[in-house]
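Colleague: In case you want the letters, here they are:
There are 2 protein chains.
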Amino acid sequence: MAKELKNLTKRSEDYSKWYNELVVKADLAEQADVRGCMVIKPYGYAIWERIQQSLDQRFKETGVQNAYFPLLIPKSYLSKEADHVEGFAKECAVVTHYRLKANPDGDGVVVDPAAKLEEELIIRPTSETIIWNTYKNWIHSWRDLPLCCNQWCNVMRWEMRTRLFLRTSEFLWQEGHTAHATREEAEARAKQMLDVYADFAREVLAIPVVRGVKSETERFAGALDTYTIEAMMQDGKALQSGTSHFLGQNFGKAFDVKFVNKENHEEYAWATSWGVSTRLMGALIMTHSDDNGLVLPPHLAPIQVVIVPIYKGDMELDALNARLEAVTEKLRKMGIRVKYDNADNKRPGFKFADYELKGVPVRLVMGGRDLENGTIEVMRRDTLEKETRQVEGIEEYVAGLLEEIQENIYTKAKTYLDEHIYECNDYEEFKERVKDGGFFLCPWDGTAETEAQIKADTQATIRCVPYGVSQENLGNDMVSGKPATCRVVVARSY
Amino acid sequence: MAKELKNLTKRSEDYSKWYNELVVKADLAEQADVRGCMVIKPYGYAIWERIQQSLDQRFKETGVQNAYFPLLIPKSYLSKEADHVEGFAKECAVVTHYRLKANPDGDGVVVDPAAKLEEELIIRPTSETIIWNTYKNWIHSWRDLPLCCNQWCNVMRWEMRTRLFLRTSEFLWQEGHTAHATREEAEARAKQMLDVYADFAREVLAIPVVRGVKSETERFAGALDTYTIEAMMQDGKALQSGTSHFLGQNFGKAFDVKFVNKENHEEYAWATSWGVSTRLMGALIMTHSDDNGLVLPPHLAPIQVVIVPIYKGDMELDALNARLEAVTEKLRKMGIRVKYDNADNKRPGFKFADYELKGVPVRLVMGGRDLENGTIEVMRRDTLEKETRQVEGIEEYVAGLLEEIQENIYTKAKTYLDEHIYECNDYEEFKERVKDGGFFLCPWDGTAETEAQIKADTQATIRCVPYGVSQENLGNDMVSGKPATCRVVVARSY
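From first to last, the protein sequence lines stand for chains A and B.
Going by the numbering used here, the residue at position 344 of the first sequence is 860; the numbering climbs one at a time, nothing skipped.
Going by the numbering used here, the residue at position 302 of the second sequence is 818; the numbering climbs one at a time, nothing skipped.
Don't take every hint at face value.
All copies of an identical chain are treated as equivalent in the list; a pair is satisfied when it fits inside any one copy or across any two copies.
[As the list claims (entries may be wrong)] With a straight-line cut-off of 25 Å between C-alpha atoms, the simulated PhoX-like cross-links for lysine-lysine are:
| id | residue 1 | residue 2 |
| --- | --- | --- |
| 1 | Lys846 | Lys930 |
| 2 | Lys707 | Lys632 |
| 3 | Lys652 | Lys971 |
| 4 | Lys971 | Lys576 |
| 5 | Lys533 | Lys753 |
| 6 | Lys652 | Lys526 |
| 7 | Lys930 | Lys526 |
| 8 | Lys828 | Lys576 |
| 9 | Lys652 | Lys849 |
| 10 | Lys846 | Lys606 |
| 11 | Lys617 | Lys849 |
| 12 | Lys753 | Lys526 |
| 13 | Lys849 | Lys778 |
| 14 | Lys769 | Lys707 |
| 15 | Lys617 | Lys541 |
| 16 | Lys596 | Lys769 |
| 17 | Lys596 | Lys606 |
| 18 | Lys930 | Lys769 |
| 19 | Lys828 | Lys867 |
| 20 | Lys707 | Lys855 |
| 21 | Lys632 | Lys617 |
| 22 | Lys606 | Lys617 |
| 23 | Lys632 | Lys606 |
| 24 | Lys596 | Lys862 |
| 25 | Lys617 | Lys928 |
| 26 | Lys576 | Lys867 |
Derived from the structure by calculation, the hints contain no laboratory data.
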């Protein structure tokens, strides 16, 4: 492993290759034999579980309840909302039969032609249609509103070019679907959930994001507005990390979801939907990690502290065990996720390399001489700095260090982001500079034509109209030269 | 709702109808528009989440890690283990295409014939095949063993006759898959997980179960042994509530999973798998509930205590709020899941009926006179008994009461089970009595023929060879008259 780690491609050599290798070597995920699908390995899944727990708690604090809706959607549902079908009916897995039978002409099994479905079923690419078809029976009066459900589930979109976590045919996500009595309330909910995502990214993932609203072209199929958080990867590319959609009454109308309002009039319900997925794992990796492997923010890390004894012989091990198990126990009581690794089937050097690769924030090491001296070695993963300290009181020191690392990681990412946001009004300059990555704040005339032109010329897209950026004195669109209607973030993206 | 509740069919009238109505009226689940699939509603899902959390913790304490494997399985994988294909390749959802396109002859979308898959994919009915195909790359040496993964996911088996929670085409479950270096270790793990299930059923669900091993006929397809926990529903029928399989080297051989043992020889890995599903929701309902609705064991209930004020006017409400919010807060600090319901859009009578229907274990009610007297009304859901107590110290009383209810519910179910287990050696007597339900301990000659005969004559099946039942002085098989090889539990089942 120590040798393999040494072979991790450097980011400066080939960022894409570095990413692919890291995902596999840090035991996060691997390609499945099934085209475009992935296996999320135990260590990767432990990180995803912590993302889930943290988000789930935040959702529930805003009044959201979890539920579960069917995996399969009748084909006809997709057609009920005109824009939605355009966006999602294209590349999806279609179930046409419900039985196999022994192959009459040889080995194995074949599809039984007699078991053909009357109407084909689609594996959900997203669940607006089936959920709003259900909401029809749940919503009758303003008293039934707001209705705020979320589900954690798998979804499938048939992707031609896939990359682990970033784009896979099957992925895991959560999708929230809310119904409201008024437009204002629905819009406020859509924005609220974007803030939940941004706060979570900041506080748990230590990822700074740009919040904003998508252009019409980049909107979710069926939405009136799509709010987004855009993170910047270490190569300057954008990664859309979470979206929240204000759906207006589109799905209320498509699925005939009406309610009687306080004035006793019938109205269509207003909708939002919002989701984040296992893509966040990609954002996490490409925001913090380095040439030695993963760097995990302490608030997220499944293992925050690993403790390794270095010993000669059983007697020394016994003595080290006694001291280090006490440290482990005290850290655990303080609520810190700690692993004491005294396994004898791997050498210390191997363990060090492996925990570095896996991004464990703090490593404590004690040898025989440390034991005599009452000292312990502390290594922090973010800077790889080592120091020797008194073991007495080390637990409180480690607790403080974890918070320091959390902040340091965030600050580093935030500094990188701030230093790579450029104001740019000139298209020639843009075309030249965008190759090196970064977010470009550019005046835009609001037309799909210039948007398409930028994409065709540079592969960059309008990521969003950002919050908190001045929309005055815009000048002219950098492509068309026509008066700009807003200033947008343009960037290449994953 | 109070009126609807009154309309809940009595168990004595029609047990099956009572069940179906209760599932819907208590907001647990409902039929989806998609054939055989269900929507798990927020309250039902909250119960399932608590089942998940509790089991997940127990699994992890035994060294199991969660992971995630693909939803879709190449058709050919199913054929690799001979028995397995017989059991699972029959009724399953088959994905044959990966794209829809606009209907050239009219509205909507149709399957694009150009997007036909080379090899059809099956929605997992269970994941032994795809997981062992993955384990092939993870297991090389005895150092890689044991490997113990679990996944929480959806699976699909195309069922013709479905019932909410008990038998649905799509259902949620967990499936654990372990690989071991020795037969002994694998067998021990299979038995260990059965014990985890039985302890969980006892301690959390308050469901007493019979543990045992399945007959060859009833075994999991591909297993050498299937261990089972069988619960008894209120109508005396059995409900298989969890199974754990010792798979021998069947999947190791089928997917070529070999490891180098300590003696430097290559061997095939030994396997187990084990699972429980949303079926447990059915077991829960049919073990404890009554004609007034759901009865939930306090250790499981998402809401353990509900507090309702009865008031005239805002001033009285303010005073009640002050007192009851203090009670709520104290209960919460004691770790009790409590809901304070002072919503003014529903009347107390409606709330009472609704919380009864939903099985909330303890209800506290306070009115204006109670406030003056320093009293509060306590209602326990299991017996529906009410008493008025001093509000001072009510929190400690409630904490004790919750434990008392948990034990009482279990004891009631255990008494029922014990009273409905009969020793029976005579087939005529059996045929007559089995109609009324119950578990029959009968001598069996060990042949599939007598097993089939019993099923044909009575619809009853051999549930298991139970643990802890004397296997001496067996006498003769009650059907064939031949010498019995063991004493088995025979019962009708869900």
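Colleague: Look at each hint and say if it fits the structure.
Modeller: Structure-based check of each hint:
Taking the closest pair of Cα atoms, Lys846 and Lys930 never come within 25 Å of each other, the shortest separation being 33 Å inside a single copy and 42 Å across copies. In the homo-oligomer, the alpha carbons of Lys707 and Lys632 never lie at most 25 Å apart, since the shortest distance is 44 Å inside one protomer and 41 Å across protomers. In this homomeric assembly, Lys652 and Lys971 never come within 25 Å of each other (Cα to Cα): the closest approach is 40 Å inside a single copy and 43 Å across copies. Taking identical chains as interchangeable, the C-alpha atoms of Lys971 and Lys576 are never at most 25 Å apart, the minima being 39 Å within one chain and 48 Å between chains.
Taking identical chains as interchangeable, the C-alpha atoms of Lys533 and Lys753 lie at most 25 Å apart only when both belong to the same chain, with a minimum of 15 Å there against 58 Å between chains. Taking the closest pair of Cα atoms, Lys652 and Lys526 never come within 25 Å of each other, the shortest separation being 54 Å inside a single copy and 30 Å across copies. Taking the shortest Cα distances, Lys930 and Lys526 sit within 25 Å of each other inside one copy (22 Å), while across copies they are farther apart (63 Å). With identical chains, the CA atoms of Lys828 and Lys576 are never at most 25 Å apart, being 51 Å at best within one copy and 32 Å at best between copies.
For a Cα distance limit of 25 Å, the shortest separation of Lys652 from Lys849 qualifies neither inside one copy, at 49 Å, nor across copies, at 39 Å. Taking CA atoms no more than 25 Å apart as the test, Lys846 paired with Lys606 passes in neither setting, with 55 Å inside one copy and 54 Å between copies. For a Cα distance limit of 25 Å, the shortest separation of Lys617 from Lys849 qualifies neither inside one copy, at 57 Å, nor across copies, at 58 Å. In this assembly of identical chains, Lys753 and Lys526 lie within 25 Å of each other by CA distance solely inside one copy; the values are 18 Å within and 63 Å between copies.
For a Cα distance limit of 25 Å, the shortest separation of Lys849 from Lys778 qualifies neither inside one copy, at 52 Å, nor across copies, at 38 Å. Taking identical chains as interchangeable, the C-alpha atoms of Lys769 and Lys707 lie at most 25 Å apart only when both belong to the same chain, with a minimum of 22 Å there against 54 Å between chains. In this assembly of identical chains, the alpha carbons of Lys617 and Lys541 never lie at most 25 Å apart, being 40 Å within a copy and 40 Å across copies at closest. In this assembly of identical chains, Lys596 and Lys769 lie within 25 Å of each other by CA distance solely inside one copy; the values are 9 Å within and 49 Å between copies.
For the identical chains of this complex, Lys596 and Lys606 are intra-copy neighbours only, at 15 Å inside a copy versus 33 Å across copies, given an alpha-carbon limit of 25 Å. When the C-alpha separation of Lys930 and Lys769 is checked against a cutoff of 25 Å, the pair qualifies neither within a copy, at 42 Å, nor between copies, at 52 Å. Taking identical chains as interchangeable, the C-alpha atoms of Lys828 and Lys867 lie at most 25 Å apart only when both belong to the same chain, with a minimum of 16 Å there against 68 Å between chains. With identical chains, the CA atoms of Lys707 and Lys855 are never at most 25 Å apart, being 39 Å at best within one copy and 28 Å at best between copies.
Taking identical chains as interchangeable, the C-alpha atoms of Lys632 and Lys617 lie at most 25 Å apart whether they share a chain (13 Å) or sit on different chains (19 Å). Taking CA atoms no more than 25 Å apart as the test, Lys606 paired with Lys617 passes between copies only; the shortest distance there is 6 Å, against 30 Å inside one copy. For the homomeric pair Lys632 and Lys606, the shortest alpha-carbon distances inside one copy (21 Å) and between copies (14 Å) are both at most 25 Å. For a Cα distance limit of 25 Å, the shortest separation of Lys596 from Lys862 qualifies neither inside one copy, at 59 Å, nor across copies, at 36 Å.
For the identical chains of this complex, Lys617 and Lys928 are neighbours neither inside a copy (58 Å) nor across copies (47 Å), given an alpha-carbon limit of 25 Å. In the homo-oligomer, the alpha carbons of Lys576 and Lys867 lie at most 25 Å apart only across protomers (22 Å), although the nearest pairing inside one protomer, at 39 Å, exceeds that limit.
This entry does not satisfy hints 1, 2, 3, 4, 6, 8, 9, 10, 11, 13, 15, 18, 20, 24, 25, going by the numbered hints stated previously.
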